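Could you build all of it, start to finish, from the sequences and the hints given here?
Residue numbers (my numbering), protein chains in the order written: chain E, 1 to 447; chain H, 1 to 508.
Rather than coming from a laboratory, the hints here were simulated on the basis of the structure. Hints are not guaranteed to be accurate.
Claimed, not checked - Heads up, simulated EDC-like pairs for lysine to aspartate or glutamate below, C-alpha to C-alpha not over 20 Å straight-line: (1) H:Lys468 - E:Asp59; (2) H:Lys468 - E:Glu57; (3) H:Lys29 - E:Glu8; (4) H:Lys114 - E:Asp247; (5) H:Lys94 - E:Glu143; (6) H:Lys105 - E:Glu8; (7) H:Lys13 - H:Glu372; (8) H:Lys317 - H:Glu372; (9) H:Lys102 - E:Glu8; (10) E:Lys439 - H:Glu205; (11) E:Lys6 - H:Glu110; (12) H:Lys467 - E:Asp59.
Claimed, not checked - A short list of chain H residues far from chain E (calculated; beta carbon distances all over 12 Å): (13) Cys63; (14) Asp118; (15) Gly141; (16) Asp376; (17) Ser424.
Fair warning: this is a prediction, and the values are worked out from it, not measured in the lab. Every residue, glycine too, gets a C-beta built ideally from N, C-alpha and C.
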Amino acid sequence: MLEQLKFENCNHSRDPIVSCALEGVASVIAGIQDVSIVIHSPQGCAATVAAAYDAHETDFTKRKVACTRLFESDIIMGASEKLMDLIRQADKSFGASVLFIVGTCSADIIGENLEGICAEMQPEINAKLIPVTAGGFRGNSYEGMEMGLAALLPIIRKHETKKEKTVNLIAPQANLNPTWFADFHWVREVLGKLGVEVQTVFSHDTSMAQIEAAGAASGNLLLSHDTGHGFVQKLEKTHGIPLLLGDLPLPVGVKNTSRWIRALGEQFGAQEAAEKLVEEGEGQVLDVLRRRALMLIPRYRNCKVVLSADGTIGLGLVRMVFEELEMIPELLLFRSALTPAAREILERELDDLGLKTKVAFAVDGYQIKKAVNEVQADAMIGSSWEKYIAEEAGIKIAFDLLSPSNREVYVDRPYFGYEGALNILEVFANDWERAFRSKAIDPALCD
Amino acid sequence: MADISENVVFHGKLSELYRLAKEGKITTKLQGSHTRPCKFWTAMKILSGIRNAIVIAHGPSGCAYGVKAAYKLTNSRNSGSPYESVVSTNVDMKRIVYGGEKELKGAILEVDQKYTPDLIVVATSCATGIIGDNVDAVVDGLKDQLHAQTLIIHCEGFAGEYRSGFDLVFKELVKLMEAPNPEEQARLADAVNIVGGKMGPERTEVDTDVKELMRLVEGMGARVHSVIAGNCTMEELRTAASVAVNCTLCLDIGYVIGREMLSVHGTPLNSTILPYGIAATEKWILEAARYLKKEEEAKALMAREYEAIRVEFEEAKSHLVGKTAIVEGHDAVKSLSIAHMLEHDFGMRAIIFNFHPWDTGARETSIDYLLETGIDPEILITKGTLAFGKYESMQQTEEELLKFLGGIDTSSVVYFGSSLSFPSIPLVDLNAILNRPRFGYRGALKVAQCINKALNYSFRPRSWLSKKMVFPKKAGLASASSLTPKLSQDLPDCTVYAGRRRGRCLNS
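Set out below in structure tokens:
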């Protein structure tokens with residue numbers, strides 16, 4: 001049983017560190033090629049949709065977004081006609097194969113009938129119209145991703161015969177690695193080396209044809225511990241595609257990576273190839289650390305650390321920091337509620353490691369601050385937000401590892417896999433050294 | 001310069017453009033790629049500049065999250081602020097159906113206890129605006145139970161154009177101010193407010209424009225009471241109306257609070273164009289000094305400041321008199337101020353390039369002021385200005401600019417604009433962080449130095465690498481292709497928006 005932190009004065013007020021359902025929905029759509037979005041909303045919501053495109057680093061010229069820009073009279077009188085006009089305009093000017101019609105808080109509350117409008121207009125519109133109701137009040141961005149994924153379900157065709165050794169990759173973007181693309185590519189690379197083909201990615205640079213064909217996959221790999229669980233359950237139920245490796249932490253840290261690769265090898269009868277990858281990967285990590293990071297042992301041993309992360313990266317970090325770095329995880333703070341399966345994994349991991357670390361899920365900024373102020377910790381792992389909170393709490397070391405980060409990363413760097421473990425350790429090492437550099441010495445006194 | 005008449009939408013004086021816009025003879029519609037945040041966002045930008053204030057965004061969490069990520073995180077990253085919260089009542093489906101007043105009441109009480117702020121601001125969002133929560137009644141009913149003062153901002157995203165959020169908050173802030181009294185007026189007789197600031201504290205490692213204005217104020221033996229709303233405290237706001245004079249930082253948005261304080265409390269207002277260059281700076285100083293009763297000190301200050309830059313400034317100026325300056329017009333008020341500086345201080349001919357006709361409405365106050373004071377710069381608008389894309393890095397405007405410049409002698413024209421543009425003439429980017437401060441005498445010198453550097457190194461071709469980044473092959477209409485998330489926060493989005501012909505703001 002997990003020991004969960006309790007917070008006072010948090011029943012009615014939240015200091016959110018996760019966006020709303022609209023951004024989650026948009027982040028699924030932004031990962032699909034040649035589609036456009038018509039947002040039925042006031043103009044500010046377009047910034048939330050833009051943030052989802054930013055997360056995919058979608059080229060400016062490929063963002064096909066239109067917004068009805070609702071004002072007071074639209075709210076009072078309704079704006080169906082305005083929406084219909086914009087759908088026609090977007091269809092004509094974007095020329096995309098699919099138009100997602102997304103209703104945000106305002107359209108959702110005033111009861112704009114998106115499904116009815118899409119059904120009525122479909123005969124005159126070239127693009128396929130897909131309505132999605134995405135009022136921000138329907139949940140946070142992780143829940144919004146589930147809503148966005150659910151909107152794709154009707155598009156997936158039934159395939160009675162499955163293609164062997166093929167998988168769908170689900171929710172790669174629900175990952176706080178600032179360059180999560182590298183984690184996604186690492187997974188594809190490993191799958192390739194094990195002879196497994198990627199059928200469909202939900203979603204990043206994915207075509208509509210690939211989404212339609214997703215039903216042919218023989219397995220689903222969920223690349224997030226924070227979202228997508230509902231979607232994989234529905235895929236299993238409606239398309240008979242099982243979730244694979246659903247009981248393991250994602251491949252963050254050396255041991256987690258080896259476990260994950262071996263499980264994958266076993267799943268697809270590629271044990272030998274998996275063993276080879278593990279041997280090479282562990283060898284690479286040891287070789288680099290022996291040559292460049294021997295100080296890692298005295299530096300981190302018994303350093304009490306607060307971990308504040310998403311489940312995707314954070315869950316794997318628990319074993320990595322405790323077992324491989326000999327740190328002591330003092331608190332585990334997760335941005336999402338974690339998927340039900342991920343909570344079970346976390347419980348098993350803590351049991352296995354013999355830890356009774358206190359945990360909090362779906363934390364907000366205040367709760368992180370409060371929790372951090374009430375423990376004695378030497379270091380904090382998180383994003384730049386946690387870095388500022390740590391500074392204020394007097395915690396000397398803050399590892400600025402996750403999004404939003406102040407670290408400029410030009411070349412994509414994975415956190416998954418062996419190289420990913422080295423990348424994480426490199427961030428730790430640099431932030432550690434900077435934290436301990438003296439700042440008060442007057443250079444004039446050093447002459 | 002080359003004939004580009006087929007690409008020109010307008011070429012003439014600002015006053016003529018203004019007249020045509022008012023008569024509906026030139027399109028003032030802003031294309032999707034240039035549109036702005038909603039009223040909620042702009043309101044939050046100003047509110048982010050009040051210290052120890054907590055904003056409760058009454059609505060779903062996304063609105064609070066978005067502004068926090070954009071403004072508060074920037075405050076922390078750039079200005080060293082501690083982690084700052086923006087609170088949401090996190091209204092969900094149930095509250096949408098049954099109302100969110102209970103959540104709001106609970107949130108206000110919780111925030112008062114857990115943050116002990118000086119001020120709690122309740123900002124409404126679209127969702128709670130539509131369901132009709134009686135925010136005023138909830139807040140009024142709690143006032144006696146709270147340690148913090150309260151302020152209500154009705155800033156639903158659908159309730160106005162983007163800048164209405166700035167204006168609304170600045171007007172509402174005046175409600176937190178006490179009427180001037182003789183005791184406070186005596187205490188603050190040597191003090192000014194700088195009004196029109198936003199977001200938070202100044203960067204400590206950068207010679208910012210605000211810091212330069214503060215230095216000038218202090219240089220005439222006066223002091224700055226408060227920068228509103230640039231990291232101001234509630235105590236500063238409380239007594240703000242008793243200062244000798246309000247001086248605008250930005251003529252455009254500072255004017256609103258200045259006018260309101262003048263109207264409600266009689267606080268004098270010193271409102272000039274942005275103090276770029278010596279002429280505008282002297283006007284700013286002398287007007288402030290008049291109310292501070294420090295005219296002599298001001299004259300001494302101006303003499304000292306000018307003497308400190310004189311040799312280098314005059315040397316630079318001697319190379320610039322008679323030359324032409326093309327000033328990029330996408331930041332309307334700034335471009336007008338820069339044009340004013342180049343004409344008055346450097347004796348140059350300034351042409352504002354691609355000043356969007358939409359700005360004639362959005363910046364009406366500033367333009368009225370400029371025209372009344374005899375400032376009527378030359379404006380050139382080409383077709384690209386009205387096309388979809390980014391001002392700073394658009395293939396079409398770039399080509400039009402190059403064509404306009406034609407086979408011009410590169411030593412006779414200087415371009416003032418973004419370095420994301422690649423004209424074939426020396427370029428001065430006053431937004432570059434190394435080119436601060438831009439205000440005051442030191443700013444004038446900085447500008448002169450920038451122009452000299454641009455001219456001296458005009459033999460160096462612009463970076464082929466940067467140019468290819470901004471203008472990739474086959475980019476089509478728009479460019480600036482690969483935006484990192486950080487950069488994209490600073491640039492306009494590229495959404496296509498529906499026209500205003502059906503929807504409108506009831507208060508507009």
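Verification of the supplied hints:
Under the criterion of a C-alpha separation no larger than 20 Å, the hint pairing lysine 468 of chain H with aspartate 59 of chain E is consistent with the structure, at around 15 Å. Between lysine 468 of chain H and glutamate 57 of chain E, the direct Cα distance comes to roughly 18 Å. Compliance with the 20 Å bound is thereby established for this hinted pair. In summary, the hint linking lysine 29 of chain H to glutamate 8 of chain E is not supported, as the alpha carbons are separated by about 50 Å, beyond the 20 Å threshold. For the suggested pair lysine 114 of chain H and aspartate 247 of chain E, the alpha carbons sit about 39 Å apart, so the restraint of at most 20 Å is broken.
The straight-line distance between the Cα atoms of lysine 94 of chain H and glutamate 143 of chain E is roughly 16 Å, inside the 20 Å bound, and the hint therefore holds. At roughly 16 Å between alpha-carbon atoms, lysine 105 of chain H and glutamate 8 of chain E fall within 20 Å of each other, so this suggested pair holds. Distance check on the hinted pair: lysine 13 of chain H and glutamate 372 of chain H sit about 14 Å apart at the alpha-carbon level, within 20 Å; holds. Restraint check: the Cα-Cα separation between lysine 317 of chain H and glutamate 372 of chain H comes to about 28 Å, which exceeds 20 Å; the hinted pair is violated.
For the suggested pair lysine 102 of chain H and glutamate 8 of chain E, the alpha carbons sit about 17 Å apart, so the restraint of at most 20 Å is met. Between the alpha carbons of lysine 439 of chain E and glutamate 205 of chain H the distance comes to roughly 15 Å, so the proposed pair stays at or under 20 Å and holds. With a C-alpha separation of about 15 Å, the suggested pairing of lysine 6 of chain E with glutamate 110 of chain H holds against the 20 Å cut-off. Taking the CA atoms of lysine 467 of chain H and aspartate 59 of chain E, the gap is about 17 Å. The hint holds against a cut of 20 Å.
At roughly 7 Å, the least C-beta separation between cysteine 63 of chain H and chain E is not larger than 12 Å, which violates its mark as non-interface. A cut-off of 12 Å between C-beta atoms confirms that aspartate 118 of chain H is not in contact with chain E; the least separation is 17 Å. The Cβ of glycine 141 of chain H sits about 15 Å from the closest Cβ of chain E, beyond the 12 Å cut-off, so the non-interface label holds. Interface exclusion of aspartate 376 of chain H from chain E stands, the closest Cβ pair being 33 Å apart, more than 12 Å.
Residue placement check: serine 424 of chain H keeps its beta carbon more than 12 Å from all beta carbons of chain E (closest about 25 Å).
Comparing the model with each earlier hint shows violations of hints 3, 4, 8 and 13; every other hint is respected.
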